[in-house]
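K.L.:
Spelled out, the chains give:
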Amino acid sequence: MIPELGNFALMIALSIAIVQGVIPIIGAQRGISNWMALARPAAQGQFFFLLLAIILLGVSFVQDDFSVRYIASNSNSQLPMIYKVSAIWGGHEGSLLLWTFMLSMWGAGVTWFSKSLPSILTSRAIAVMGLVGIGFLLFLLLTSNPFDRLIPAAVDGRDLNPLLQDPGLIIHPPLLYMGYVGFVVPFAFVIAALIDGHLDATWARWSRPWTAVAWVFLTLGIGIGSWWAYYELGWGGWWFWDPVENASFMPWLMGTALLHSLAVTEKRGAFKVWTVLLAIFTFSLSLLGTFLVRSGVLVSVHAFAADPSRGIFILMFLGIVIGGSLALYAWRAPMIRGGGKFDSFSRETLLLVNNVLLVVATLTVLIGTLYPLILDALEMGKISVGPPYFDAVFVPIMLPMSFLIGLSAVIRWKADKPKRVFNEQKITLLAAMVIGFSLPFLIFNETSIQLSLSSAVAVWIILTMLQDFWNRSSSNKGGFINGVRSISRSHLAMLVAHTGLGIFIIGVGFTTAFSVEKDVRMEPGSRVEAGGYTFHLDGMAERQGPNYTTIEGLVYVYNADNEQVAVLYPEKRFYTVQSMPMTEASIDEGLFRDLYVAMGEPIKNSNAWAMRVYYKPFIQWIWMGLLIMSLGGVLAATDPRYRKIVRRARASQQP
Amino acid sequence: MTPKRKKRLLLVLLIIAAVAGAATLMMKALNENINLFYSPTEVAAGKAPLGHTFRLGGLVAEGSLNRDAGDGLTVHFDVTDEAETVTIAYTGILPDLFREGQGIVALGKLGSNGIFVADEVLAKHDENYMPPEVAEALEEGHKQSIEKMKGATQ
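So the sequence lines, in the order shown, correspond to chains A and B. Quick note, our numbering runs 459 ahead of the 1-based positions in the first sequence. Quick note, our numbering runs 28 ahead of the 1-based positions in the second sequence.
The following block holds chain A by itself, in its conformation from the complex:
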């Protein structure tokens, strides 16, 4: 009964989405305000029914209703309750439902916070979100319905993939999807403005906090995904340039460019056409990312041929969304007039160059990800593009960009003098070079050209941000605290986010250069040295978990002075239902190093195990940097300026 209700909720949501996607647009075109007014209640109704659908799916999971195909293949009666709930998005159908639900949530959010905007603009934008919703709901109902029954019902479920039975994977997909889907808001407003034919500062000002929120979700989602890969996959890497990862990284890069371009459009009225294009690209890449991961095309291009319904739907949907919006862009863009003029040495130019670099970086990732798929589809051979490609291309683009970021705090809008900037920054530049180059030597006694460069660039970013923070807060006559308060929220957001990037770069550089990774044979009593620490395997014991059995090792770690610094419990689990082994690494985290032990496999005819023993310096800085960047995004989104605008607009609407 409950699954049928869920199915019914999806169908009602689709009907509402059709109303939401069609009627307000026609209303806006013909100036019928009643039709336009349908947009808001429709978006809220769609949200309500999708919320209902996702709750009903959750209830069915909790009730172990194995007559539902999706639940039978992604859950099990022995599965812990929390994972029964998170199994809602553990597979293809549920993830798409989550995606669609979040889309409607952003739509409802827009209806609640856009009261100050002209109703023509908002009703069109909400309608665009309705149109996207139609696409996804059709896809759900026609090809990937999570409520489909399984006849006859299964006695028990096939269990959730053990890799997904992890706290990190409970929150990773929702965060990531919130980010992906969030870019629908700037996209919808761009399309609405293109239909209208003019873009003004109000539009940019209004899109900024929404874009920032989506960006924060995406940053956190990617960060948690990488953290999960680090401790759950059991080989201590944090980023693999895997197509699935690239799928989320591309919209992030493009979204970052969009965020910066929107700033220029709002403050200076420039880059309008460029911002529009970036908004379209960012959302298109979000869609592409969703489908790359969800369609099975990555596993095999020929999986498309095996189940063409999904593949063809996806290609058509992508074609309509991307092709349609680009066609609209080509038609309307000439009507959008360029804004403020700026000099060739100015903050605008700096942002433009960084924008170009971000877009180029996105393109290199896109090509590296799609090239093997295209060759395979054309029957031109099977290739794979490995991490060395991405490293070789990405680093040379990111280094100059990171250097330019150091100028972002001091360079002025409109026009600035290179001499002035140089004079102000020369001491910092020198300090960054000295500190940056010597840092690897001081800590690790060795370095390489690339490491020195990235360390110097990172220190340069952090120092310039601190310097600017200090200058601004100490120049205030009302004292330091008032000085800090006098810094505008958006400027502070920039300082924080860029500092986070600096910390991230240090983490990446040091971890990559100085990690010690040893695969060794260990038996109870053996000792292994890695990165100045001694790992002592004391013994192993068998235990029983809720839906698995496990062999747990006991490892003591001693530092160079022979003091015990950590006790680690690596596990090798065996999940009974899927008869799948899983490595659970044990990690002692620290600000300057992680100690990491994972059980490999037992060695035949002995009581020894092959074990991974890792020393990972500065790796936590990677996620610390991402968190600080996200904090910057939160600051940007919560700029009180935006609330003032809303209040002022409301006040002016009062009779």
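Please note that the accuracy of each hint is not assured.
What the simulated footprint calls covered on chain A by chain B, stretch by stretch (three residues with Cβ under 8 Å from a Cβ of chain B suffice, anywhere in the stretch; the number is not a length) [to be verified]:
id: 1; segment: 834–846
id: 2; segment: 943–956
id: 3; segment: 974–988
id: 4; segment: 1001–1010
Under the rule of at most 27 Å between Cα atoms (straight-line distance), these lysine-lysine pairs were calculated in the DSS-like manner [said to hold, decoys possible]:
id: 5; chain 1: B; residue 1: Lys-171; chain 2: A; residue 2: Lys-873
id: 6; chain 1: B; residue 1: Lys-171; chain 2: B; residue 2: Lys-75
id: 7; chain 1: A; residue 1: Lys-726; chain 2: A; residue 2: Lys-876
id: 8; chain 1: B; residue 1: Lys-34; chain 2: A; residue 2: Lys-878
id: 9; chain 1: B; residue 1: Lys-75; chain 2: A; residue 2: Lys-800
In case anyone wonders, no lab produced these hints; they're calculated from the structure. Every value quoted in this text rests on a predicted model; they were computed, and no experiment measured them. Glycine included, every Cβ here is placed at the ideal spot set by N, Cα and C.
Since the structure of chain A is already known, use the hints to place chain B on it.
P.N.:
Just chain B now, kept in the frame of chain A:
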């Protein structure tokens, strides 16, 4: 040209130079870092390059997994497409789902002794998963062994 236009032109040229630089870099990196896939049959026929990294895939032959004495970390196993077989040597820890009879893909180089030295062995985290290249190689290998059998009976 006014000085302003000159500056703009300079800026545009700079951007074009940056994009061109990135494109060159990309093509170069792409050329150097593409790994082709070869099946055991192709390796046996001498089609695979010596001393150059490529991917080799197939089923792990039953009973072929051998751990060396000594450090116990070097393993030898055979992969097969049911027509030909190639021996792979690998030092390190095999993935969780590595089993005899399972489809795998290895990344590494072919030595002059005909043994493929792998730097990386991949087995996907799904029991039923068969790497697509392996599935295709198996199909090819299967066809060939049928051909051979036909040839023998005629």
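K.L.:
Take the hints in turn and mark each one as holding or not.
P.N.:
For each hint, the structure was consulted:
With 6 residues carrying a beta carbon less than 8 Å from a beta carbon of chain B, the segment 834–846 of chain A meets the three-residue requirement, and the given coverage holds. For a cut-off of 8 Å, the count of residues in the segment 943–956 of chain A with a CB near a CB of chain B stands at 0, and the three-residue condition is violated. Closer than 8 Å: that is the beta-carbon criterion, and the segment 974–988 of chain A has 3 residues meeting it against chain B, so the requirement of 3 holds. Look at the segment 1001–1010 of chain A against chain B: 0 of its residues bring a Cβ nearer than 8 Å to a Cβ of that chain, fewer than three, so the hint is violated.
With a C-alpha separation of about 70 Å, the suggested pair Lys-171(B) and Lys-873(A) falls outside the 27 Å cut-off, and the hint is violated. Restraint check: the Cα-Cα separation between Lys-171(B) and Lys-75(B) comes to about 19 Å, which is no more than 27 Å; the hinted pair holds. For a cut-off of 27 Å, the pair hint linking Lys-726(A) to Lys-876(A) stands: about 20 Å separates their Cα positions. With a C-alpha separation of about 20 Å, the suggested pair Lys-34(B) and Lys-878(A) falls inside the 27 Å cut-off, and the hint holds.
Between Lys-75(B) and Lys-800(A) the alpha-carbon distance is near 60 Å, which puts this suggested pair outside the 27 Å criterion.
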